[in-house]
Amino acid sequence: MPAMIDVRFDEAALWKRFKSGDPTAFTLIYREYTVHLFQYGFRFCTDQEKLKDMIQDLFIEMWNSRNTIADDVAIRFYLCRSLKYKLIRANYQYRSASGKQDKYLHDVQQPETNVEDRIIDSEISDSRSVLLDNAIKKLSRRQQEIITLRFYMGFTNAQIAEMMHMKYQSVSNLLYSALGRIKETLETTPFSRRLLETFYLFF
Amino acid sequence: MKHFGEDTWDFIRDDRFIQWVLFPDAENNTWWEQWMAAHPEQIPVLEKARGMVLMLHESTPPAPVNDQLLEEVYAALDQEVAKQQETELPVAASVKRLSPYRWWWAAAAILGGIVLVSIYLKKENKTPIAGQLKSHTEDQQLIRVNNTGENQVAWLTDGSSVVLKAGASIKHDAFLQHSQREVYLKGDAFFDIAKDAARPFVVYTPKVGIRVLGTSFSVSEVNGTLTVTVKTGKIAVYNLADKKQQSYIVTPNHQIHFNALTAVFVPDSLDRRHMEELQPVVTPPAFAYDNTPVISIFKALESAYSIKINASEDVFAKCMITTNITNETFENKLKIICAAINASYTISKGQVYITGKPCS
Numbered sequence: 000m001p002a003m004i005d006v007r008f009d010e011a012a013l014w015k016r017f018k019s020g021d022p023t024a025f026t027l028i029y030r031e032y033t034v035h036l037f038q039y040g041f042r043f044c045t046d047q048e049k050l051k052d053m054i055q056d057l058f059i060e061m062w063n064s065r066n067t068i069a070d071d072v073a074i075r076f077y078l079c080r081s082l083k084y085k086l087i088r089a090n091y092q093y094r095s096a097s098g099k100q101d102k103y104l105h106d107v108q109q110p111e112t113n114v115e116d117r118i119i120d121s122e123i124s125d126s127r128s129v130l131l132d133n134a135i136k137k138l139s140r141r142q143q144e145i146i147t148l149r150f151y152m153g154f155t156n157a158q159i160a161e162m163m164h165m166k167y168q169s170v171s172n173l174l175y176s177a178l179g180r181i182k183e184t185l186e187t188t189p190f191s192r193r194l195l196e197t198f199y200l201f202f
Numbered sequence: 000m001k002h003f004g005e006d007t008w009d010f011i012r013d014d015r016f017i018q019w020v021l022f023p024d025a026e027n028n029t030w031w032e033q034w035m036a037a038h039p040e041q042i043p044v045l046e047k048a049r050g051m052v053l054m055l056h057e058s059t060p061p062a063p064v065n066d067q068l069l070e071e072v073y074a075a076l077d078q079e080v081a082k083q084q085e086t087e088l089p090v091a092a093s094v095k096r097l098s099p100y101r102w103w104w105a106a107a108a109i110l111g112g113i114v115l116v117s118i119y120l121k122k123e124n125k126t127p128i129a130g131q132l133k134s135h136t137e138d139q140q141l142i143r144v145n146n147t148g149e150n151q152v153a154w155l156t157d158g159s160s161v162v163l164k165a166g167a168s169i170k171h172d173a174f175l176q177h178s179q180r181e182v183y184l185k186g187d188a189f190f191d192i193a194k195d196a197a198r199p200f201v202v203y204t205p206k207v208g209i210r211v212l213g214t215s216f217s218v219s220e221v222n223g224t225l226t227v228t229v230k231t232g233k234i235a236v237y238n239l240a241d242k243k244q245q246s247y248i249v250t251p252n253h254q255i256h257f258n259a260l261t262a263v264f265v266p267d268s269l270d271r272r273h274m275e276e277l278q279p280v281v282t283p284p285a286f287a288y289d290n291t292p293v294i295s296i297f298k299a300l301e302s303a304y305s306i307k308i309n310a311s312e313d314v315f316a317k318c319m320i321t322t323n324i325t326n327e328t329f330e331n332k333l334k335i336i337c338a339a340i341n342a343s344y345t346i347s348k349g350q351v352y353i354t355g356k357p358c359s
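Protein chains in written order, with numbering that gives the first Met the number 0: chain Z, 0 to 202; chain A, 0 to 359.
Please note that a few of the clues may not be correct.
What the hints assert, rightly or not - Pair ranges (Cβ atoms, derived):
id, chain 1, residue 1, chain 2, residue 2, range
1, A, Asn-290, Z, Asn-66, 26 to 36 Å
2, A, Asn-290, Z, Ser-19, 52 to 62 Å
3, Z, Asn-133, A, Asp-6, 19 to 29 Å
4, Z, Ser-19, A, Asp-14, 34 to 44 Å
5, Z, Asp-70, A, His-253, 44 to 54 Å
6, A, Lys-133, Z, Asn-66, 24 to 34 Å
7, A, Gln-41, Z, Ala-11, 29 to 39 Å
8, Z, Ile-87, A, Ile-42, 58 to 68 Å
9, Z, Asp-70, A, Asn-252, 20 to 30 Å
10, Z, Ser-139, A, Asn-341, 30 to 40 Å
Unchecked claim - If you only want the chain A side, here are some residues facing chain Z, beta carbon under 10 Å, derived:
id, residue
11, Phe-22
12, Val-64
13, Leu-68
14, Tyr-73
15, Leu-260
Think of the hints as simulated: they come from the structure by calculation, not from any bench. Heads up, the beta-carbon is just placed ideally off N, CA and C, and yes, glycines get one too.
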C-alpha cells in the first residue's frame, strides 16, 4: 500500500506558509520531498555528490525566491520539474536504467539470485513485484520514466506532458505502450503468466 | 503490440482515479464512492485497475536513497534556515520548540518513511482526557473496569480502542505481546480493532468467542442474551462450549444473538435507527499536541492505556513537543516521543521507564 495516506500534508496550506516566510514550513517541505528528488534525479545523474549539491541549491534558491514563486503549486511536481531543468542546464542527460545506477542499486538490494528461487521463497505478493520489477526494467527509458511519473509520483497527464516535453495525447500513447510492453514481458514466462492470471492483473 | 487488460485503461488514464488510489483523502473517497454507487457494474473493473495501479506503485520506487545522503542535505538546509533566522530574527523566538530536524529523523527512522508530522493541525493546547478507568494487575493480566456512569475509552497497545459501557470491564495482557491478541470482556462494549493480519484479535465473553476479521463492532448482553453487532468489517462468533467451534460470520449492519440457555445463535439485521444507536457516545481522544510538555503527554498515555509510565518530572519538565500520534500503536507513540526528546524507554514488569537528559 502506498504510504502516507492517513496524514497527508495539506499542500496548499503548507505552501502558503512557506511563501509567507515560515521556516518551519520550509523545513517540512525539504524533509518531505528530498527523497523524491533523489529518486527522480538518479535517472539523470548518478554522481550522488553532484546530485546532492543540486538538490541543496534548488531548495536554497526556492527559499530565497519564495516571494516571487507562484501561489498555486503542486509542490512535488514543481520540485521535480525544477530539478530536471537544473540537471539539463548542467548537461546531465537521460541515462539508461542499466549501468552505474544498477551498480548502486545492488549495494542496497539483496544479491541477485535465481528469480525462480526467489519466487519460491517469497510471499506471493513479493514475487509479483519481482516479476513486475523485471518487466519494468526491460522497458525503454522513456517508458520507464512515464511508469514512474504516473504510478510512483502520481502525476497528472498534463504534468507528465510538461515534464517529458511531449504533447498531451502522446502521454496516453506512451503509457499505453509501456503497459502493453509490460504485459508482453510477463507473458514470456509461463510461471508469471499463471501468477498474474490468478490476480486478474494485466489480463 | 499486445494489449494489456483493456477494460482498465479508462481508469488508468484518469488523473482523478490515480490521485484517489495513490493519495486517498476524504474528498476523493466521497467522490469515488458516489461514482461506484452510480456504476455498480463497473466496480470489478475499477478494483482491477486499482490493483494494477497499486502494484505498479509498489514496483516502481526508482531507487532506494541512501540515508547518509539525506542527512547531509537536511543538515545543510537546517543550517541555512538557522543562519537566516539569526539574521532576520535577532530575538530567539523558538527556544522551546523541538529541533524539527531531530523530530523528522526520528519519525522517519521509526516509521520507515511513513511520516506523521503535523505541526499545524491543532491550534489549542489540549491534553486529551482519557478514561477514568480503574485498573489493576492480576495473574500478569491488566484488568480495567469502568465504574463511572458513562462510557469510557480503553486504549490497547496495538492501536485498538474499546469503549466500555458503564460497569463493563476487560482483562488482557497489558502489551498484547502474544501471537493472538486476546481480550476478556464482561459487560457491554464497542470495539474498534486495529488491523494486524498476523495477529488475530479475539474477544472472549463468558460464553462466546468473537474472532475479529475486520474492524468495529459492539457487544451487549440483556437478560442472558448476548448480542454482537457489526458496524464495519467482519467477525466470526462461536460458542466456547462447542468443541468444534463452529463459527458464524457476521457482516456490517447485521447482528447475532446468542442465548446462553438454549446455546443457539440467531442472526438478525438492523434498521438505521439501531445502527445510529450503535455509535459509541464517546469518541476516542486524539493524541495531537502542539508544544505540549511531554510530562502531560505521558500522563495522558498512562490513563489511556492503564500502563504506568515512569518519567522524572525534574528531568523532563522543560521538554515540549508538537506531534500527532493518534494513529500509532503504543510503542510507536513512545518511540516517537522518546526520539523527539532524545530519551529512551524500557518496558519492564508491565511498566514503562523513560530515561534521558533534561531539555534546554
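Hints violated by the structure (numbers, ascending): Those not satisfied are hints 2, 4, 6, 8, 9, 10 and 15.
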